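*Asks:* Quick note, the sequences are listed as chains A and B, same order. Numbering follows the numbering used here, in which position 522 of the first sequence is assigned residue number 522; successive positions increment by one, without gaps. Add 1000 to the 1-based position in the second sequence for the numbering used here, that's all there is to it.
Fair warning: there could be bad hints in the mix.
[Claimed, not checked] Which stretches of chain B does chain A cover? Using the computed rule of at least three CB atoms under 8 Å from a CB of chain A, they are:
id, segment
1, 1015-1022
2, 1129-1143
3, 1252-1258
[Unchecked claim] No more than 27 Å apart at the CA atoms, straight line, and that leaves these computed lysine-lysine pairs for DSS-like:
id, chain 1, residue 1, chain 2, residue 2
4, B, Lys1116, A, Lys436
5, B, Lys1281, A, Lys447
6, A, Lys273, A, Lys289
7, B, Lys1281, A, Lys534
8, B, Lys1068, A, Lys504
9, A, Lys3, B, Lys1068
10, B, Lys1281, A, Lys10
[As the list claims (entries may be wrong)] Computed list of chain A residues with no C-beta within reach of chain B, every gap over 12 Å:
id, residue
11, Lys314
12, Ala478
13, Lys519
In case anyone wonders, no lab produced these hints; they're calculated from the structure. Just so it is clear, the structure is predicted and the values come from calculations on it, not from any experiment. Beta carbons are placed, not taken as given, at the ideal position from N, Cα and C, and that holds for glycine.
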Amino acid sequence: MEKPFAITLKPGSSLTNLTGTWRTARPEYLDRLPPCNNACPAGENIQGWLFHAESGDYEQAWRVLVENNPLPAVMGRVCYHPCESACNRAQLDEAVGINSVERFLGDEAIKRGWKFAASAASTGKKVLVVGAGPSGLSAAYHLARMGHRVEIHEAGPLAGGMMRFGIPKYRLPREVLDAEVQRILDMGVVLKLNTKIENIEASLRAGGFDAAFLAVGAHIGKRTYIPAGDATRIVDAVSVLRSMEGEDKPMLGRRVVVYGGGNTAVDVARTVKRMGGEPIIVYRRTRDKAPAHDFEIEEALQEGVMIKWLSTIKQAGEGEIMVEKMALDEAGYPQPTGEFETLAADSVVLALGQDVDLSLLEGVAGLEVKNGVVQVCTNMMTGHPGIFAGGDMVPSERTVTVAVGHGKKAARHIDAWLRGETYAPPPKHELAEFGKLNTWYYSDAHKTVRPMLDLLRRKTSFDEVQGGLDENNALFEARRCLSCGNCFECDNCYGVCPDNAVIKLGPGKRFEFNYDYCKGCGLCVAECPCGAIKMVAEDI
Amino acid sequence: MSFQPVKFYQTGTFTVGNRLLAPDERSVQANQQRSNAINSGHRACQGCGEALGARYAIDAAMAASGGKLIAANATGCLEVFSTPYPESSWQLPWIHSLFGNAAAVATGIAAALKVKGRQDVRVVAQGGDGGTTDIGFGCLSGMFERNDDVLYICYDNQGYMNTGVQRSSATPPAARTATTMPLGPEPGNVFGQGKNVPEIAMAHGIPYVATATVADLRDLEYKVNKAMSLHGARYLHVFVPCPLGWGTASHDTIRMARLAKETGMFPVFEAEHGEVTGVLKIRHRLPVEEYLKPQRRFAHLFGKQPHHETIARLQAIADRNIRKYGLLDEEGK
């Protein structure tokens, strides 16, 4: 090239100057574990499905959701959403309404008739699931997806377990439950109703099963001794709720005393109210000590359920009971005060917890039962090889969500066991705490409140109390997600790099660093809204 | 009508990009095909606000002019770090002459294009605060006064950083520089008006004057676009924090710009023909200490005996900006 006077070099590009050599620390992309996912007992990838809901792709969102949980419409109604308690957005304004979006997706799937994706090729293995409650259905679903043949044996007349015979209709309409159960059966899962297993080992042999998952639940109401005359009607809460599903509704009279402070006590009281009775809950401790969720207590009070805190039943007589007032001692335990009071009562319903019917396990070698529940190893297998157990019959918190999580976990271990392997869960990512986020970038947006049924209809009918979101506010609610710890392609790193050292790979493909030029200033890390980049020291 | 942020869609227009916005609502910087006017390999410090501000502004101007753009550059960091002979980071026709004459050179280019009948090619001039508010001020005022068809962009990092952090007429009061040491009864730079070039530019009555920061990309791009849609003399003053001169961490550059705006220390506004037509409101108002404390150039205010009086005088400057430009919205948040 002919150069002008006094010019000795050709003009060149600064690209020859690799400024990456200046770096003492490098940025790296990573996925952190969002607190919602971390808190979900069913192990849902909540951030993952919200990501698709944010762009309005509800079907894809539902598909990501059901990879872990086959019952989103049920879950969106009955789950106590520990995800929302853990949500980072709560520290900004209010938690994302994950539960309401989940319900919207579940309802949308039923409305549009979405089916599960095809299962894996058949493995030729056959698994017996005992009990068609949430953990049994969840295990059956996951096992079927993995290509195993699954038969569910259910002692009751209908599928659903406690979702049908424990949770009242006003919280979970039965057509929702039926639709989600049917979708699982459509995968080829065989459901045998009114089939009580008497001896598990005999049933395994007779049916040619390779493994079993036991999920019989806890259906026997706990009793306590109350001195009572012959005329007093004392029943347990589980049988009251169960008989609500049959032809013969329970005969409890007008004034019904419910003894206990858990969610079941509240469910019975609200059911009695809807049947025209006058329920009174008697509980020996205070409201803040009651195991029932506070919103359920609040809704019950709104509907006119009376609650006597700090009281125990001393005696039940004809048409009335005697209660003793309690006082909390310094350690917070209720102590009798010697002060008595009479309450009019036509019947007493005991809601003191439930026990497991373990009769099917009699004589099985290696099984360990402690405190009335079956002991399982971390892989959900009982002491007897090939027999796994989950749900309310093993030691755990007794909720539908935990049960669904057990079903999934057990299915993974059963699948590995059938192949003679051990399932090793992938290592957990580090947690995306609030401090890892740059919340400046998120729009201010308050939580969408779900509509509630009017009070009069709540007191007199079994119509569903809590309404759902429509498409508009479901989209809004999904978009409140901060996407903690997981890139949502906001382009901030690509934009804020003063050195053009971030390569944008295109929609869905995220980004890459160009370490030839990255000087390691850390701007991308500081300005990443969701904490999906970290600085790592270079070896110098 | 000033820039209207989109508040929903998760991050709205607060982030550089947003997959939930329609393609025509997205930023130039989010585009894979952005021109990268100042390319990788330049020798700016880690976390340089000026390198970032220059790419934001020139990429937007390139997009607005369909890539037909010529730049004249004053002496300063931007020139030195981008074009050490024989390399250049610039991916557009670019000329450097002297420290003080960028506006005059741009005027000449605009005049030449006019003579040649090239209405399709646009001209920008750019420089730091030294080359704009001090050394190039005469040429700049002339360019305004003649209403030459040039967009002049000043990248304000509040001092002569390239030569070792000396004071300029854009250095804020109380700030430490090599020439305003924190000594004596009134340490750091003197209190006074300094030279507020955006307001001086407005006094010339030119078609468009605006301020922006590297913390509000969408607002900056909107202003470049607006400026490029007009002809005549236009002035854009971009606030670009300097990790070296201010003594801040290299990863805090954007945060410092955000804090300058949120405290009211740097008012972000636009004006047409000498009248303010819009301001970027403060989103979460903060006291000036939040902005001052992370900067070593203000460290002498926060020693064992904090200079409460000096901090109060700086707060008064911020309060005056907030009042004067109406930086808070009606609710007074």
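*Asks:* Name the hints, by number, that the structure is in violation of.
*Replies:* Result: hints 2, 4, 7, 10, 12, 13 break, sorted rising.
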